[in-house]
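For the sequence shown, position 59 matches number 59 in the working numbering, and the numbering has no gaps at all.
It cannot be assumed that every hint is accurate.
Between beta-carbon pairs, the in silico distance windows are [claimed, not checked]:
#, residue 1, residue 2, range
1, Val54, Cys10, 15 to 21 Å
2, Phe81, Val54, 16 to 22 Å
3, Tyr5, Asn85, 16 to 22 Å
4, Gly78, His3, 33 to 39 Å
5, Asp14, Gly78, 16 to 22 Å
Think of the hints as simulated: they come from the structure by calculation, not from any bench.
Ideal Cβ positions, reconstructed from N, Cα and C, are used throughout, including at glycine.
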Amino acid sequence: MTHRYQPIDCALHDCFEMACVYHYQVKLDLRDESSVEGKCITTETHPDKSEWLVFKTEYQYTKIRLDFIERMSAITPGARFSVINC
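When you get a sec, could you build the whole thing from the sequences and use the hints?
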């Protein structure tokens with residue numbers, strides 16, 4: 001990823017944190033028009049201050065930069081949100 005990190009709104013960051021605390025299964029629609037499904041594990045801040053979602057797909061763990069996520073849709077039944085537009 002070559003674009004400079006654009007910090008996300010604190011309220012939006014809280015939604016990612018909540019999804020991680022409850023290990024929600026979600027679908028992420030990304031800014032490159034791809035999508036991925038998996039479980040939210042945790043968030044990380046790297047030395048350059050970029051923030052990342054640690055995400056577990058069916059086969060592997062991956063990290064997705066938070067400003068690269070366009071939409072997060074809950075798959076887990078009873079989740080505290082259904083769709084969050086980033």
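Hints, verified against the model:
1. Val54 x Cys10: 15 to 21 Å: Since the Cβ atoms of Val54 and Cys10 sit about 19 Å apart, the hinted range of 15 to 21 Å holds.
2. Phe81 x Val54: 16 to 22 Å: 19 Å, holds
3. Tyr5 x Asn85: 16 to 22 Å: 19 Å, holds
4. Gly78 x His3: 33 to 39 Å: Check passed, 35 Å falls within 33 to 39 Å.
5. Asp14 x Gly78: 16 to 22 Å: With Cβ atoms ~19 Å apart, the hint holds.
The structure meets every hint from the earlier list without exception.
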